[in-house]
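*Asks:* Sequence:
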Amino acid sequence: MFRFFLYAVIFFNIAGCYAKNDFTITINGNKNQCKFDYGEIDFCSKKYLNLYNKNLGATKNFNKDFILFSLDDAIVVLDPIGKEVFPLYGQYFDEKNDGGKVIKNKTIDFSSLNNKICIDGMKYAYKDIVENGRYCYKFSNKKFTLFNEDKRSFVQKDNIKGLHLIEKELSTVESVKLPFDSKVKIGNRNVVLASNISDGFIDYVVSHGGSLGVGNAIIKLPRQEGNIVFVEFFTDESEKLSYVLNTFNSNGKGHFVNFGTGSDFYIDSRYNIKVKSYNGKNLKYNYYKIANDGTIMKGSAPFL
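Using the working numbering, the first residue of the sequence shown is number 1075, and each one after it goes up by one.
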């Protein structure tokens, strides 16, 4: 899942909106519209036009030729060649209980290999206020259509084989011991290069909800409540390290969280994760916890 900015002048007419940078906004198959009916988000606003422009050079991560990213509670698909934008209907939030407390972070599952996207969270849309749940869509003919996902698909034989593949490939390295600090130097026995792993391993990770680039490396972590856990790391153009936490549960479903460029992280003996990152010069701490089903929860304070 990915995010991005530019300056633009927006002109409105009865039919919709037009941007100076020639992005076409297509909503429900209708071109040059800025909002869903009674929608709160203006997809022609300067904020969003900047985001589309910044994402033009991003890696295609959805349905082979498209770029999917999320900003706040909106989800958007971008055609970088045609400069056409396709917002997904509705706003999607973290799951909450009746008291308004977050009980599970929103997750978005998608792949560069197909046109399906599934969101676990709370959905809000005009005349369609929905409770916590899982919402799946197919993107075809420039439209999103809702479909009922067969949840049993996550426990098919291919997924079990994929889990065995992950275990086999990572068996060549040792797990680091907890507690673990990313600033502490680790030996080669705990790290493996993705380029030294089979293509089948990388394809499985990416297509089942994880993150792994061919030129990146992996730190193997101990299992957590049956979940396979590892950290992908790499350097960007500024030569700063970035870390991405990956989990795969016993049903073969993956989740990942990018800790951010230039981040450091610490995992205690109870698998509580503390991440230090920077927003410009501002220091920021985030806290993460892996649930029993492999989902990764995020908080602004340590989990108990």
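Calculated from the structure, these hints are not laboratory results.
Any given hint might turn out to be false.
[Unchecked claim] In silico lysine to aspartate or glutamate, DMTMM-like type, Cα no more than 25 Å apart, as pairs:
| id | residue 1 | residue 2 |
| --- | --- | --- |
| 1 | K1217 | D1367 |
| 2 | K1190 | E1248 |
| 3 | K1178 | E1313 |
| 4 | K1120 | E1169 |
| 5 | K1212 | E1299 |
| 6 | K1372 | E1299 |
| 7 | K1217 | E1299 |
| 8 | K1120 | D1096 |
| 9 | K1170 | D1139 |
| 10 | K1363 | D1342 |
| 11 | K1242 | D1139 |
*Asks:* Each of the hints needs a verdict: does it hold here or not?
*Replies:* How the hints compare with the structure:
| no. | hint | in the structure |
| --- | --- | --- |
| 1 | K1217 <-> D1367 | violated (31 Å) |
| 2 | K1190 <-> E1248 | violated (35 Å) |
| 3 | K1178 <-> E1313 | violated (34 Å) |
| 4 | K1120 <-> E1169 | violated (29 Å) |
| 5 | K1212 <-> E1299 | violated (32 Å) |
| 6 | K1372 <-> E1299 | holds (18 Å) |
| 7 | K1217 <-> E1299 | violated (39 Å) |
| 8 | K1120 <-> D1096 | holds (13 Å) |
| 9 | K1170 <-> D1139 | violated (34 Å) |
| 10 | K1363 <-> D1342 | holds (11 Å) |
| 11 | K1242 <-> D1139 | violated (32 Å) |
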